[in-house]
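Undergrad: Could you put together the complete structure from these sequences and hints?
Residue numbers (the working numbering), protein chains in the order written: chain A, 1 to 153; chain B, 1001 to 1778.
No lab work stands behind these hints, which were simulated from the structure alone.
The C-beta atom is built at its ideal place from N, Cα and C for all residues, glycine as well.
It is possible that part of the hints are untrue.
Ranges of calculated distance between the beta carbons of each label pair, as one might list FRET restraints [unchecked claim]: (1) Gln1660(B) / Ala64(A): 34 to 42 Å; (2) Asp148(A) / Gly1341(B): 54 to 62 Å; (3) Gly8(A) / Leu1242(B): 24 to 32 Å; (4) Ser1300(B) / Asp124(A): 51 to 59 Å; (5) Gln1660(B) / Ser63(A): 36 to 44 Å; (6) Leu1578(B) / Asp148(A): 42 to 50 Å.
As a plain string of letters, each chain reads:
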Amino acid sequence: MISLTINGEKHDLDVPDDMPLLWVLRDVIGMKGTKFGCGISQCGACTVHMDGAAIRSCITPVSAATGEIETIEAMAEDTVGKNVQQAWLDLGVAQCGYCQAGQIMAATALLKKTPKPETQEIVDAMAGNLCRCGTYNRILAAVEKAADMESSQ
Amino acid sequence: MSRADDRLHIANVSRRGLLKGLAGASALLLAARWDTALASEQAQFGAGAMPGGWVDDPNVFIQIGSDGVVTIVNNRSEMGQGIRTSLVMVGADELGADWDQVRVRQADGDQEKYGNQNTDGSRSMRHWYDPMRRAAAAARLMLEQAAANQWDVPLHEVETRVHKIVHKPSGKELGFGALAEAASQFDVPDRTALVLKANSELRFIGKESGLVNGTLESAYPKAIDGHDIVTGQAVFGADIDLEDTLYAVIARPPVYGAAVKSFDDTEALKISGVEKVMRIDGAQQPAGFSPLGGVAVVASNTWAAMQGRKALKIDWDNGPAGDNAEYTSDTYRKSLEEAAGSPGKVVRENGGDVDAALDAADKRVSATYYMPHMAQAPMEPPVATVRIRDGKAEAWAPVQNPAATRDAIANRLGIDRSEVTVHVTLLGGGFGRKSKPDFVTEAAIVAEAFQGRPVKLQWSREDDIHHSYFHAVTVDRMDAALDAEGKATAWRHRTLSPSIGSLFAPDPKHLQEFEQGMGLNTMPFDIPAIRLENPPAPAHVRIGWFRAVYNLPHAWAIQSFASELAEAAGKDHRDYLLDLLGPDREIGNLTVGDGWNYGEDPDKYPIDIARMRRVIERATDEAGWGRKTEKGRGLGLAFHHSFVSYTAIVFDVEVDDEGQLTIHRADIAFDCGPQANPERLRSQLEGACVMGIGIAMQNEVTFEDGVAQQGNFDTYLVPRMPDAPKVLHVHLIDNPDDAMGGAGEPGLPPVAPALCNAIHAATGKRIRKLPVGDQLSG
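TA: Written as structure tokens, this is what we have:
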């Protein structure tokens, strides 16, 4: 039995130790917001937070997910996450939207650690998150907008 | 009988019931009522020539509840182009609806009811703008009539304002919700009674909103799925969550056409959660949309299925694959390059003797260009859920072509199409990959073995890249003659590329009409002698549509070569390009051997030189073309006409001493005629620019002995944020007078040549083989 804390809620699960957190979230718990894109930590679609830092759930064995896990489903209640979501909406970032949960999780983790990032810091922090629709320019603008919303509060 | 006096002319009874529900009339009954002009359009070109045609019955598309909520049906697949927002916005604007009270409902796959649903070819808005406006205008007229009746006033005294009908003399008002029930009692008015809103009355159509070149114009109206996407609630194909679901993956033959000889599932069945291992029979070549076959592992979750697959021992039989098992990219490229040295099937010839002109040239310029196989690699790999019970199949899938999906399932299971339901989810990207429903049929095959239980068939990224319907590899051999002034006097273009036709019939080895029509024979230059040839090129893998398709290599070769000619002539590239285009004129597609024209009427959609000139001038003006740049920096230009729209791009790039490329800026000029939703046009052009940078710099799938050598994003490289232009501006050409063109694809073809031309301007280095990869270092 493995114990997980996801979005503040404790889950006791009978799953293999090596099962990636991604599939525990999606197939076992039924939280579909976190996406599968590559399975080898190359695309960032599966990004979640553990103790506030961005991790790739597709390569994180559930046995290693010992910290507080937060997913996209909790971001509307997160002080930073909700600003990021709002900036994404205001700037019409998403095209297909499939990668955007991971993008938002990566951006939120960045802004929690670095509330006023330089442009290059944003580019570096977001370089691990792929978007085949090619929304990078709007993602960058939205992270900057969300950072401004932070400081204006 | 005068129609003017009879605005609510009694139409086909089957159209009764507007706003009550969505179970509307069939298009077949409506056909009897089309007026002559519409009927002829229905028969030959545009939406009318597509399977299922168009439908403009408001009963099919619009529902208004007594609470005032307006639900508009979107019949096209949403894959990021924003059609669920844009098409619904068109309907909402014509209807007069308040955007905050508008919802979208996604149509199931049913072309008899909803008209054509094949979401490819950049057709959604250009084919559905008019029918949607007519449907909404009909619904608005019925609401107005309901209000007029209730107030017992003449119809001309009422008008629609936002989400309400107003009696102009008295100022009385009734909301849409209050009128919905009464309006639903009317028959749908005749099309000839419909008066579409004037442009001045429109609130959304053609209006800028959102982010316009770095400035937030307006954050309203918001994308219809935006909130669900940013909160993780949007339902993609992968997110279908049904009770009792089983999860499956398939090990497919590494070589196209190979089969399972034998397999050992002993270890696989020991994996916790694995329930069954089963052989999947593949199709004969050509595979079409049929699955490739292989061995399926079915489990209680996706991870267990993947682990089970890893534990399988499979012996493949390459016999049925024939020479596909010897397919090696490097060898194949050389064979095409060699074949390019000999004449091929002539697909277009204008003017004088090209070979004689080449031999007699003051200066002869030759170049050979190569574009490799590419995989679409949408962020959501193929995935589908199917449940079969009581002889009926129900699928939930991210598909671009729900009708083909329905047929494919029915054919494979041997049941009638009417027994198959296809629910279209959001697509996590498509780019042509999800036009092919092979993965849904796979789910259906597995589901057949588990009657009553939903089976979710998931592709891994490796599955996706190994078993794409690959973009065709292409060699283009270009030869031109220049006179003493540097003017081109002859142009010979040999293109060699396996055909998508090889997917559906014995390999034709030559480009089909629609493939030639993608920028090859539609080449617009005004050169005295032109010959286009297409020597044979066999297919050894599944060849399929990739966003913009054969426009990609044709634009890459033609636009790169035009830059080389300008250099050889010692002329400025833009000036030379405009000169190559010649005087403003409209070229009939048939006169250049193109009988396809993207399915559109050649009179409404000629090849328009003035529009080409305009996008080139706009992009170069915005980019500051001609300005001095420091060492290692340069501007590059390309344009292309595709999907009956026009795009030009200028890149401003820098290449440092280590060969590191920085894209400082991209200026894109785009002319698609009338703009339904400029905000999503911009996003399409921005996205195409970034995707095109990947085509230029990174994308390549190579084969060794028939096996794809790239499998995931560590080896199949695609653009990341640092690869995007630092500044990316889209300049939409204001052109409401021409017919509406496509938007999803036409932004892509000119990107790679413009970028490579910019690299040449910065470094003096010509790129003739894609991807650029490490060609800039050393």
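Undergrad: If you test the structure against every hint from before, which numbers come out violated?
TA: The structure conflicts with hint 4 only, although it agrees with all the remaining ones.
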